[in-house]
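Peer 1: Now for the letters of each chain:
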Amino acid sequence: MTVIDTISQFLPLLLSGAWATLYVTSLATVLALGLGLVLELLNGSSLAPVRWMVRTYVEIMRGTPVLIVLFMLYYGGPSIGLVVDPVPAGILGLGIYGAAYFAEIFRAGFQSIPRGQIEAGEMLGLSRTSIVLRIKIPQMLRLIIPALFGQIVMMFKESALLSIITVSELTKVATQIVNETSSIIEPYIAVTVIYWVIIEAVARCGLFLERRFSHGA
Amino acid sequence: MEFLHIAWAYKEMLLVGAATTAVISGASILLGMPLGLAFAFGLVSHNRPIRLFCAVYRSFWRGTPLLVQILLVFYLLPSIGLDLSPVTAAVLALILNTSAFQAEIFRGGLSAVPKGQVEAAQMLGIAPITIRRRIVIPQLLRLVTPAITNEFISILKNSSIISVISVTELLRTGQQIVSATYRPLEVYGLIAIIYIVMNLVIAQLGRRAEARLARGARA
Numbered sequence: 001m002t003v004i005d006t007i008s009q010f011l012p013l014l015l016s017g018a019w020a021t022l023y024v025t026s027l028a029t030v031l032a033l034g035l036g037l038v039l040e041l042l043n044g045s046s047l048a049p050v051r052w053m054v055r056t057y058v059e060i061m062r063g064t065p066v067l068i069v070l071f072m073l074y075y076g077g078p079s080i081g082l083v084v085d086p087v088p089a090g091i092l093g094l095g096i097y098g099a100a101y102f103a104e105i106f107r108a109g110f111q112s113i114p115r116g117q118i119e120a121g122e123m124l125g126l127s128r129t130s131i132v133l134r135i136k137i138p139q140m141l142r143l144i145i146p147a148l149f150g151q152i153v154m155m156f157k158e159s160a161l162l163s164i165i166t167v168s169e170l171t172k173v174a175t176q177i178v179n180e181t182s183s184i185i186e187p188y189i190a191v192t193v194i195y196w197v198i199i200e201a202v203a204r205c206g207l208f209l210e211r212r213f214s215h216g217a
Numbered sequence: 001m002e003f004l005h006i007a008w009a010y011k012e013m014l015l016v017g018a019a020t021t022a023v024i025s026g027a028s029i030l031l032g033m034p035l036g037l038a039f040a041f042g043l044v045s046h047n048r049p050i051r052l053f054c055a056v057y058r059s060f061w062r063g064t065p066l067l068v069q070i071l072l073v074f075y076l077l078p079s080i081g082l083d084l085s086p087v088t089a090a091v092l093a094l095i096l097n098t099s100a101f102q103a104e105i106f107r108g109g110l111s112a113v114p115k116g117q118v119e120a121a122q123m124l125g126i127a128p129i130t131i132r133r134r135i136v137i138p139q140l141l142r143l144v145t146p147a148i149t150n151e152f153i154s155i156l157k158n159s160s161i162i163s164v165i166s167v168t169e170l171l172r173t174g175q176q177i178v179s180a181t182y183r184p185l186e187v188y189g190l191i192a193i194i195y196i197v198m199n200l201v202i203a204q205l206g207r208r209a210e211a212r213l214a215r216g217a218r219a
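Line order of the protein sequences matches chains A and B. Under full-length UniProt numbering, the residue at position 119 of the first sequence is numbered 119, and the numbers go up by one with no gaps. Under full-length UniProt numbering, the residue at position 123 of the second sequence is numbered 123, and the numbers go up by one with no gaps.
One chain only, chain B, in its complex shape (with noise of 0.2 angstroms):
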């Protein structure tokens, strides 16, 4: 019972620092998408220097730690002059993170794209830039709905690592309620209790999208 009343009594704190948590990864999620579609049209581009790099930013965004990811930029932007508060320099580090595995993503869903439908195009004379935009893009959209759910869970869960350059997310503020009431395991239960529900909402909103786009696909 004592979960019961921690959770009464601090409802307004979890509130604040779940919608932290959402806000956060929400945003880091669509912010990235513009830059993960990016890197996946240069991981196939035609020039190999475009290429090359595209491929070394992947591999380094997802073959390294995110918490070490996220003091890289945390130290590394305010020694070259910027200035960051831990907000914005934590939401920095999801976007570069999570554009990496958009990119990924994407990568896969352009190849699942038929290429008989580019051709065609380029045969009818339709510009590079349209064919992007009016036919490849809308079909990846709807072929990457599963992946790009799957990321954002992974995004709400890794959001909590920003917690160690003092955000006050869902879990830092589990851990300001652990000081005060010495329930480590009440109260992170409670908090885990929490990013479940949030998930299972993604998750939910993620087959509606899916099954509203693949409507699409009929018509």
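For reference, chain A alone in the conformation it holds in the complex (with noise of 0.2 angstroms):
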């Protein structure tokens, strides 16, 4: 059976398993995107040990492999009472892994922001508020977008780790398949093509914006 073959007979079950792919991903994006915003901002605080926690778990996270945290989570969780579906489990794994990273990202977008701004804008009596929505955070944007989608592009291929803990994306279908055939290879080659085709449209929607965006500045 060739790759072509393997595709056309089960493009249903790769389609499911894309879509399952491209679902959880961005799910975890979000979260992470959000929660990194927010531990980076905890990091400014002018409390040392909120600052010194921050810190914490960011070298947490950056010391440990993601499969770590969601076995701790998947299989870990029962243990203390909380039972977590694969799906939420991988979500939540994958987010609160990637989290770390894009509060490094936003660390480095704030610090390059010159301080003579911000003081201009205390001098205007701008809120702290407003200082982070309409000054510090649309530069720091700009700034940031290759690294931005150099670590979405990441939070993708680490979401091949969710089918060792059973959900059915991409990689997961690719050993269903390997199953229900005699096939070993071409259902591995015709997902591996996917991926590749998923994270170089990611890539490159982060190059469009960067070039979109580095007309404003």
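Worth double-checking, as some hints may not be accurate.
[Stated by the list, open to error] Simulated restraints, written as ranges between beta carbons of each label pair: (1) B/S45 x A/L47: 49 to 55 angstroms; (2) A/G150 x B/L205: 33 to 39 angstroms; (3) B/I129 x A/S130: 20 to 26 angstroms; (4) A/P88 x B/R134: 54 to 60 angstroms; (5) A/V50 x B/L84: 48 to 54 angstroms; (6) B/S111 x A/P114: 24 to 30 angstroms; (7) A/P146 x B/V201: 26 to 32 angstroms; (8) A/G150 x B/L31: 22 to 28 angstroms; (9) B/L213 x A/T56: 55 to 61 angstroms; (10) B/Y182 x A/P88: 21 to 27 angstroms; (11) B/I126 x A/R128: 46 to 52 angstroms.
[To be verified] Computed footprint of chain B on chain A; a stretch qualifies when at least three of its residues, placed anywhere within it, have a C-beta under 8 angstroms from a C-beta of chain B: (12) 12-24; (13) 71-84; (14) 153-167.
Just so you know, the hints here were simulated from the structure itself, not pulled from any lab data. C-beta: ideal position from N, C-alpha, C; glycine also.
Combine both chains into one complex, guided by the hints.
Peer 2: See below:
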């Protein structure tokens, strides 16, 4: 059986896998972006213990394999009475893991905004919220687009690991097809190509936005 | 306290698992380095087909999940008659993966080596291979040390994925201990701490290497 045969025979299954990959990764990315921004804003807190906690969280996540975070949520959850289904556990795991990376990206972005602009905003009597919302975030977003999309690509690649905690995304679908047919290689080649297309598309999106936003600078 | 109890009871297994993880990721980084360097030179080559081939190679290994790459290498090679043990297949997949990431790192470093130096060397009639070996590569290694350290950390973490093709590295050791103790939170927490400690050591070694190489730059 060739790769083309595999794709045409199992097209609905492959599409549902691709959809699941897009779905879980998008939700996890939204969660990670939100949580990452919160972490970074807390990191700017004047309370040392808060900053210390944020640093610790970021360092722990960045030093641990994402697979362990997934295992702790999925297999470790029940032992403290927290039973999570594979899909929410996967989204949560990817999300809290990615948040540490996004927080670092936001930190680098905020640091690159000239202090003088923030001081000028303060002099003009802008509130702290509007300084963050109107001065810091719009400029930071432009600067961090490449890093942001690099991390989103990472999230897509990491989502393959959800197959290990039995989420029926692309990689899991490939394993399923392997079990149903006698072919081993073709299903994996097929999903590899699908991943490659999705990830190239995400990366291209990043390049497009990067070029687009550089006009405003 | 269950935590320390488990650590003590399974100390030998944990040490072997951690050592396996360290050796596999260290070997992958080192063996991937010459390959990454070759691809970096390929990416800036004047020869179009070579450039294109290297770009596709980089795009593939950086643009697909490592888990899928490992499964592909593990199942693909036997089907073309190469029978590999899981460990060999795992190391091979990690080498091919890291070489693409290292190629990108080295390519970035290449553009930071001043062009004038290469031109001066060419004027002096130094052979192209000698220019690379004696002028470009030594400076390149200095420039890329921080990025290579990060790549080492990410390979060490990603090497946990080879547990799926039943290589008994650190994470799989953890799974074995979990099935004996039914204590997933404590065991995986313990495994996470071991990974974090190993990564802190790598980060420290990276900083030392950077400081050492910087001394050479001033001399």
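Peer 1: Next, verify each hint and record whether it holds.
Peer 2: Here's how the hints hold up against the structure:
At about 54 angstroms, the beta-carbon gap between B/S45 and A/L47 stays in the expected band of 49 to 55 angstroms. Judged by the Cβ atoms, the range 33 to 39 angstroms given for A/G150 and B/L205 is violated: they are separated by roughly 25 angstroms. For the pair B/I129 and A/S130, the beta carbons lie near 60 angstroms from each other, so the given range of 20 to 26 angstroms is not met. At roughly 57 angstroms, the beta carbons of A/P88 and B/R134 sit within the given window of 54 to 60 angstroms.
The hinted range of 48 to 54 angstroms is satisfied by A/V50 and B/L84, whose Cβ atoms lie roughly 50 angstroms apart. A hinted range of 24 to 30 angstroms holds for the C-beta pair B/S111 and A/P114, which are about 27 angstroms apart. Taking 26 to 32 angstroms as the suggested C-beta distance range, the pair A/P146 and B/V201 conforms, at roughly 30 angstroms. For A/G150 paired with B/L31, a C-beta distance near 25 angstroms keeps the hint of 22 to 28 angstroms intact.
The supplied range of 55 to 61 angstroms is broken by B/L213 and A/T56, whose beta-carbon atoms lie about 30 angstroms from each other. Checked against the hint of 21 to 27 angstroms, the pair B/Y182 and A/P88 passes, with Cβ atoms roughly 23 angstroms apart. In this structure the hint that B/I126 and A/R128 lie 46 to 52 angstroms apart at CB is violated, the actual value being about 59 angstroms. Only residues whose C-beta sits within less than 8 angstroms of a C-beta in chain B count toward coverage, and the segment 12-24 of chain A has 0 of them, not enough to reach three; the restraint is violated.
Residue count for the segment 71-84 of chain A with a Cβ under 8 angstroms from a Cβ of chain B: 6. That meets the three needed, and the coverage hint holds. As drawn, the segment 153-167 of chain A meets chain B at 9 residues by the rule of a beta-carbon pair under 8 angstroms; at three or more, the given contact holds.
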